[in-house]
Each structure stands twice: as C-alpha cells, then as structure tokens.
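Enquirer: Sequence:
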Amino acid sequence: MEGIALDGLDHPPTVEVAAESDGAGNVVVAVTLTGIELVPADPPGDHQPGQGHLHISVDGETVAMTSHAVHYLTGLADGHHEVAVRLSANDHRDYLFGGSPIGDSTMVMVTGGTVPKAPDLVFAVEVSDGTVVGGVQRFEAMVGDLIEISVTSDVDDEVHLHAYDMTVHLHAGSTTTLLVEGTIPGVFEAELHGAGYRVFELQVS
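Counting from 1, one number per residue, gives the positions in the sequence shown under the working numbering.
One thing to keep in mind: the hints can contain errors.
[Said to hold, decoys possible] DEER-style ranges, computed between Cβ atoms:
#1 Arg93 <-> Ala69: 38 to 44 angstroms
#2 Thr62 <-> Pro116: 18 to 24 angstroms
#3 Asp22 <-> Glu126: 31 to 37 angstroms
#4 Asp154 <-> Ala69: 30 to 36 angstroms
#5 His80 <-> Val133: 33 to 39 angstroms
#6 Arg93 <-> Glu20: 27 to 33 angstroms
#7 Gly144 <-> Asp165: 28 to 34 angstroms
Hints are computed from structural coordinates only; laboratory data are not their basis. None of these values were measured; they are calculated from a predicted model. Using N, Cα and C, we set each Cβ at its ideal position, and we do this for glycine too.
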C-alpha cells in the first residue's frame, strides 16, 4: 500500500513519542503531535486531509491502531524494546514526508514483566558502504520457530520484512534486532526502506 506524500506542505505534521515502564511489565506511550486531527481508526474511512490516527509497534510488530495520544502496552517481556509510532490516514496509509513515514521511535527498558523466550534460531546481517557484507543470505526456519535476526548498519534506515509486515529502525553504528515468530510459510524479502535494496530473505517451511 503506497503512502500519502505531504512534501507540498510548508508545515507537515510532526510526531514525538516517549515511553516509560511502570516496573510491572507495562509501558505508557505518550505521543506529542502537531498538524493533525486524530480520529478513530475503526472502522477505516476515506482519506480526509488533516485527519488520521496512530499505528504503534513494538520491536517492529504493529500492536495498536489508536486515535489517543496516550496508549498503554501490557504484558511485555523484560528487556529493551523499541516502541515506534507512525502517522496514518483514515484509510490506514502512512503519511510520508521526504519519502519516509512520519513518525518517531524510542527505546524502553521493561522490568517486572515476563521472562523473554529464547529464540530457536539466530542470524546476523551487516550493512556497510551501501551493500550487504557477504551478500544477501536466505535464512531458513520452520513454522513455529522464534527467529532472531540482528542487523548492523553504518547508516540510519528502516528494515521492512514483507508479509509479516514488520519494520524496525536502524541507527548508524548500532545493532537492531528483529524477533520473528514463524507463523507464515513461504519465502519473504527484507529490504531497507530508504536505500531500497534487499538485506536478507527468510524462508519458513
């Protein structure tokens, strides 16, 4: 689904997100917005300029679609999590500026939650100088596997895994982890959103 470009606006909407753990496995997500009217996400409606809602994801997986600037995440596992928010139109298309979704992300450390489940498979990818070090690999897993894929990059970007519709943010010089539950069989590409090239393939059978 293509997004809605807002490059023609002098003052496009802005999104800032903050996330705070309560020490019991829950997180309060607070979003500060400008230039947009939040309207209910359900049922989806026709696109109306100036209106939209928020898509909230945890570690690349969408967990909520909401018209509220404060949202509560519950039952998270202990450890670091990336909380990301994107601004979406009434028809669920992303609003874009400069070719990238309008949104923000932050990291939060969760304590007092569930014990993290150990992954069944662990893979790693490194992106450097505009290419995948060692070439694009195909990672093989079975349905039901919990797959951990770490991506290290020398530039800021986003990794998007097709079909699973998971997106995680990459920060130059650091490693980002994508945790995938192998529920959908098939072969799926993961690509850098900004650079536009594949970084790995995931085969689930």
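Enquirer: Is 27 to 33 angstroms a correct range for the gap between the Cβ atoms of Arg93 and Glu20?
Expert: At roughly 30 angstroms between Cβ atoms, Glu20 and Arg93 fall inside 27 to 33 angstroms, so the hint holds.
Enquirer: Within 33 to 39 angstroms or not, the Cβ separation of His80 and Val133?
Expert: violated, 24 angstroms
Enquirer: Is 31 to 37 angstroms respected by the C-beta to C-beta distance linking Asp22 and Glu126?
Expert: For Asp22 and Glu126 the Cβ distance comes to about 36 angstroms; the hint holds.
Enquirer: Within 30 to 36 angstroms or not, the Cβ separation of Asp154 and Ala69?
Expert: holds, 35 angstroms
Enquirer: Does the Cβ distance between Arg93 and Ala69 fall inside 38 to 44 angstroms?
Expert: violated, 20 angstroms
Enquirer: Looking only at beta-carbon atoms, does the pair Thr62, Pro116 fall within the given range of 18 to 24 angstroms?
Expert: This hint holds: roughly 20 angstroms between Cβ atoms.
Enquirer: At the C-beta level, are Gly144 and Asp165 separated by a distance inside 28 to 34 angstroms?
Expert: violated, 19 angstroms
Hints 1, 5 and 7 from the earlier list are contradicted by this structure; the remaining hints agree with it.
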